[in-house]
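Taken in sequence, the protein lines are chains A and B. Letter by letter, the first sequence follows residues 1 to 336 in the working numbering. Letter by letter, the second sequence follows residues 1 to 532 in the working numbering.
Hints listed in this document are in silico derivations from the structure and should not be mistaken for laboratory results. A hint or two may mislead.
To be verified - Computed footprint of chain B on chain A; a stretch qualifies when at least three of its residues, placed anywhere within it, have a C-beta under 8 Å from a C-beta of chain B: (1) 50–58; (2) 85–97; (3) 226–234; (4) 273–284; (5) 287–301.
All C-beta atoms in this analysis are idealised placements derived from N, C-alpha and C, irrespective of residue type, glycine included.
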Amino acid sequence: MFAFLLRRIGLIIPTFIGVTIAAFAFVRVLPGDPVLLMAGERGVTPERHAALMKQFGFDRPIYEQYFDYFFSALQGDLGSSLVTKKPVWDEFFTLFPATLELSICAIIFAVFIGVPAGIYAATRRGSWPDQTIMGTALVGYSMPIFWWGLLLIILFSGILGWTPVSGRISLLYFFKPVTGFMLIDSLLSGQKGAFSSAVSHLILPTIVLGTIPLAVVARQTRSAMLEVLSEDYVRTARAKGMSPMRVVGVHALRNAMIPVITTIGLQVGVLLAGAILTETIFSWPGIGKWMVDSIFRRDYPSVQGGLLMIAVIVMTVNLIVDLLYGLVNPRIRHVR
Amino acid sequence: MTKMKLLLATLLGATMLASGAAQSKTLVYCSEGSPEGFDPAPFTAGTTFDASSKPLYNRLVEFKRGTSEVMPGLAESWEVSSDGLEYTFKLRKGVKFQTTDFFTPSRDFNADDVVFSFERQLKKDHPWNQYTAGIAWEYFDGMSMPDLLKSVEKVDDNTVKFVLNRPEAPMIANLAMDFASIMSAEYAAKLEADGKKELLNQQPVGTGPFKFVAYQKDAVIRYAAHEGYWAGKQPIDDLVFAITTDASVRQQKLKAGECHVAPYPNPADLADLKADANLQVMEQEGLNVGYLAYNSLVAPFDKPEVRKALNMAINKQSILDAVFQGAGKEAKNPIPPTMWSYNDAVQDDGYDPEAAKKMLEAAGVKDLKMKIWAMPVQRPYNPNARRMAELIQSDFSKIGVGVEIVSYEWGEYLKLSKEKDRDGAVLLGWTGDNGDPDNFLAVLLGCDAVGGSNRAQWCNKDFEALVQKAKTVSDKAERTKLYEDAQVVFKREAPWATIAHSVVFMPMSKKVSGYVMDPLGGHWFDGVDIAE
Numbered sequence: 001m002f003a004f005l006l007r008r009i010g011l012i013i014p015t016f017i018g019v020t021i022a023a024f025a026f027v028r029v030l031p032g033d034p035v036l037l038m039a040g041e042r043g044v045t046p047e048r049h050a051a052l053m054k055q056f057g058f059d060r061p062i063y064e065q066y067f068d069y070f071f072s073a074l075q076g077d078l079g080s081s082l083v084t085k086k087p088v089w090d091e092f093f094t095l096f097p098a099t100l101e102l103s104i105c106a107i108i109f110a111v112f113i114g115v116p117a118g119i120y121a122a123t124r125r126g127s128w129p130d131q132t133i134m135g136t137a138l139v140g141y142s143m144p145i146f147w148w149g150l151l152l153i154i155l156f157s158g159i160l161g162w163t164p165v166s167g168r169i170s171l172l173y174f175f176k177p178v179t180g181f182m183l184i185d186s187l188l189s190g191q192k193g194a195f196s197s198a199v200s201h202l203i204l205p206t207i208v209l210g211t212i213p214l215a216v217v218a219r220q221t222r223s224a225m226l227e228v229l230s231e232d233y234v235r236t237a238r239a240k241g242m243s244p245m246r247v248v249g250v251h252a253l254r255n256a257m258i259p260v261i262t263t264i265g266l267q268v269g270v271l272l273a274g275a276i277l278t279e280t281i282f283s284w285p286g287i288g289k290w291m292v293d294s295i296f297r298r299d300y301p302s303v304q305g306g307l308l309m310i311a312v313i314v315m316t317v318n319l320i321v322d323l324l325y326g327l328v329n330p331r332i333r334h335v336r
Numbered sequence: 001m002t003k004m005k006l007l008l009a010t011l012l013g014a015t016m017l018a019s020g021a022a023q024s025k026t027l028v029y030c031s032e033g034s035p036e037g038f039d040p041a042p043f044t045a046g047t048t049f050d051a052s053s054k055p056l057y058n059r060l061v062e063f064k065r066g067t068s069e070v071m072p073g074l075a076e077s078w079e080v081s082s083d084g085l086e087y088t089f090k091l092r093k094g095v096k097f098q099t100t101d102f103f104t105p106s107r108d109f110n111a112d113d114v115v116f117s118f119e120r121q122l123k124k125d126h127p128w129n130q131y132t133a134g135i136a137w138e139y140f141d142g143m144s145m146p147d148l149l150k151s152v153e154k155v156d157d158n159t160v161k162f163v164l165n166r167p168e169a170p171m172i173a174n175l176a177m178d179f180a181s182i183m184s185a186e187y188a189a190k191l192e193a194d195g196k197k198e199l200l201n202q203q204p205v206g207t208g209p210f211k212f213v214a215y216q217k218d219a220v221i222r223y224a225a226h227e228g229y230w231a232g233k234q235p236i237d238d239l240v241f242a243i244t245t246d247a248s249v250r251q252q253k254l255k256a257g258e259c260h261v262a263p264y265p266n267p268a269d270l271a272d273l274k275a276d277a278n279l280q281v282m283e284q285e286g287l288n289v290g291y292l293a294y295n296s297l298v299a300p301f302d303k304p305e306v307r308k309a310l311n312m313a314i315n316k317q318s319i320l321d322a323v324f325q326g327a328g329k330e331a332k333n334p335i336p337p338t339m340w341s342y343n344d345a346v347q348d349d350g351y352d353p354e355a356a357k358k359m360l361e362a363a364g365v366k367d368l369k370m371k372i373w374a375m376p377v378q379r380p381y382n383p384n385a386r387r388m389a390e391l392i393q394s395d396f397s398k399i400g401v402g403v404e405i406v407s408y409e410w411g412e413y414l415k416l417s418k419e420k421d422r423d424g425a426v427l428l429g430w431t432g433d434n435g436d437p438d439n440f441l442a443v444l445l446g447c448d449a450v451g452g453s454n455r456a457q458w459c460n461k462d463f464e465a466l467v468q469k470a471k472t473v474s475d476k477a478e479r480t481k482l483y484e485d486a487q488v489v490f491k492r493e494a495p496w497a498t499i500a501h502s503v504v505f506m507p508m509s510k511k512v513s514g515y516v517m518d519p520l521g522g523h524w525f526d527g528v529d530i531a532e
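Generate the whole structure from the sequences, applying the supplied hints.
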């Protein structure tokens with residue numbers, strides 16, 4: 001297991017270097033620069049443009065800028081935002097708990113509904129519930145997030161008035177963030193009604209962000225279960241008179257979960273991408289919205305720092321998934 | 001089912017609590033974006049000014065609410081020397097800075113605060129000139145203040161003198177702009193002593209109607225009424241900015257009562273907002289202009305008659321209907337009608353494709369092919385440049401002019417469109433900074449701006465003489481006459497096709513009273529009240 005872990009970590013190093021290059025290059029190949037965008041229609045003289053680029057350090061040779069960024073990043077220094085002048089690291093970790101909280105809720109929503117739905121569909125293959133679940137999953141997968149979010153807001157917040165439109169908690173509650181996770185902070189605040197307000201604000205964004213992963217998880221669970229259910233050992237278990245519940249829940253599910261876990265791990269990237277739109281619709285102060293703003297403003301340090309942090313998080317989650325995979329299936333960790 | 005009931009009960013409980021807890025007068029403004037910081041001077045975005053300079057600070061002079069006229073602010077009065085080079089301000093006495101959790105002022109506002117606020121931007125060696133890494137005084141520099149301002153001197157505690165390098169009539173209007181907000185020198189000294197200079201931009205202290213309470217990044221800004229405000233305490237107790245970037249979501253929040261005021265509605269949502277019995281929609285012409293600038297240095301656009309012929313081929317009404325969806329007004333002058341010195345006597349080149357065709361033939365222009373540049377972004381003066389370009393393309397095809405529409409990334413667009421040998425006519429526009437006609441006419445059409453913000457690359461000696469003279473004259477009536485004449489020259493020479501001035505809409509709850517729309521596009525909440 002230790003060798004397996006080392007091998008996986010060894011793979012992360014070149015990936016990390018690749019990500020730093022990609023993140024650094026990405027924002028620089030975009031046309032325009034931060035000074036031009038800052039000046040807008042007013043414009044800026046070539047002399048002042050050059051002076052500002054020098055002030056920001058963008059006049060130096062590109063390799064020098066890259067190595068400066070790379071070695072600073074290794075020491076945990078991602079530079080300061082050109083716009084807010086605050087350290088990128090601070091900005092990222094101020095906003096990241098909001099994205100993480102939403103993503104965790106979305107993945108819980110996706111797994112707790114997607115896995116049972118997939119199992120149910122698999123055990124009733126070809127029946128109308130199977131076709132309904134899979135049809136719904138296909139619709140869920142194809143739905144544009146922006147449209148879906150607005151639709152839910154108009155229905156549940158606008159017409160029915162059941163949920164708040166946007167934000168993380170009612171504006172009536174005001175307390176200093178301790179953990180950055182609103183559910184925890186609202187409990188810690190001791191203010192009556194704060195927790196339920198935070199929960200009610202989470203409902204719609206969770207559904208919107210969790211819809212695509214839910215559809216993917218449900219479809220993956222169904223196909224994995226169908227494959228496992230046709231295995232000889234399942235037939236044997238049934239022949240021995242084991243209850244259908246035990247056959248499916250214990251014997252089949254454990255093996256079917258391997259590809260499902262992989263799929264869930266891969267959904268982390270999907271969640272972070274979906275968070276950009278979901279956060280914009282629901283005014284959710286997370287890193288998705290922050291990244292979009294930074295890209296539009298050509299805020300080089302924020303974009304390259306943010307991309308790097310997101311990539312590191314995705315890599316870490318995938319490493320954890322790989323290790324979990326090894327735990328679930330002993331054959332994997334023994335492969336040389 | 002039980003779980004569903006529990007959920008509904010929880011939500012109901014939360015709503016009841018929410019309504020019960022609404023005791024103090026709180027006004028919620030669903031702002032369209034996050035501020036870049038709370039020190040207005042290093043920034044240029046209106047969103048930042050709405051959250052910083054307007055609620056938190058004052059300036060020596062202020063724009064009279066709802067107009068672009070200047071009135072006394074922290075300065076009670078001022079005198080201008082006969083040569084126009086010295087401005088002496090008498091400061092208001094007894095003005096308190098805000099007392100907050102992080103700062104308690106020990107003295108009232110005085111001349112030191114004024115000198116500090118300007119010297120930090122003017123002097124490169126000032127200890128606050130570079131108080132955070134990479135800071136730039138974009139507006140101060142953009143308004144040419146470093147060239148204009150020789151010194152800012154304290155005469156005594158209540159008198160300040162600004163010495164200029166040359167006479168500049170718009171100087172007073174410049175001092176009403178956001179970058180000229182007055183900071184507390186005492187607070188700055190404390191931050192410097194604590195080694196926490198960067199907090200000037202994060203925990204602001206000013207003399208304005210509201211004091212800063214807290215900012216949760218990209219989510220909420222909280223303010224409370226400044227108890228010791230020199231112009232009197234505000235009718236509301238708390239002001240909250242709920243940052244909501246999407247216009248459709250702002251509309252839903254307004255309708256659901258989650259905010260009381262929400263700016264920048266989608267034009268398509270206006271009918272729905274106006275039909276809502278709980279809402280009111282205010283409207284005002286924006287202080288802006290959207291135009292098509294020909295390159296007057298390149299043939300055949302160097303001939304006024306060609307430019308005029310093209311202008312006559314543009315059906316502005318169809319543009320207003322399709323692009324502005326009713327939220328615009330035809331433009332005939334390069335300055336908006338709400339600005340003083342607007343010359344309403346100027347006759348626009350009416351839509352007449354037949355006459356346009358003949359004019360082109362008379363000018364010897366046949367089978368003309370040209371480019372039209374369409375901006376890649378939405379701006380108040382042009383909500384959809386691509387659509388506008390397509391409509392003009394269709395109009396020009398009727399007089400035998402072939403148009404190719406081009407576009408570039410926004411930063412590139414702004415850069416390339418300035419080049420003197422640029423190929424094609426550029427769609428662009430301008431929103432006023434200080435309500436002074438000089439801010440449109442000299443900045444966008446002056447000879448100094450050729451190769452810069454003068455996208456028509458147009459330098460006309462008659463026009464230039466009028467605009468330059470108006471800069472040095474302090475008598476407003478005389479300036480008005482000069483600018484009116486300049487507009488006549490502009491129309492005769494037609495360096496632009498003036499397309500439209502947008503109309504700005506401001507939906508809000510009917511409970512809100514006292515809100516006045518700002519022609520300069522800002523959002524002010526002093527004097528605003530809300531019915532309980």
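Hint by hint, here is what the structure shows:
With 3 residues having a Cβ less than 8 Å from any Cβ of chain B, the region 50–58 of chain A passes the three-residue criterion, so the hint holds. Closer than 8 Å: that is the beta-carbon criterion, and the region 85–97 of chain A has 5 residues meeting it against chain B, so the requirement of 3 holds. Residues of the region 226–234 of chain A lying with their CB closer than 8 Å to a CB of chain B number 0, which falls below the three-residue condition for coverage. By the rule of at least three residues with a Cβ nearer than 8 Å to a Cβ of chain B, the coverage given for the region 273–284 of chain A holds, with 4 such residues.
A count of 4 residues in the region 287–301 of chain A with a Cβ less than 8 Å from any Cβ of chain B is obtained; the coverage claim is therefore met, three being the minimum.
The structure does not agree with numbered hint 3 stated previously, though it agrees with all others.
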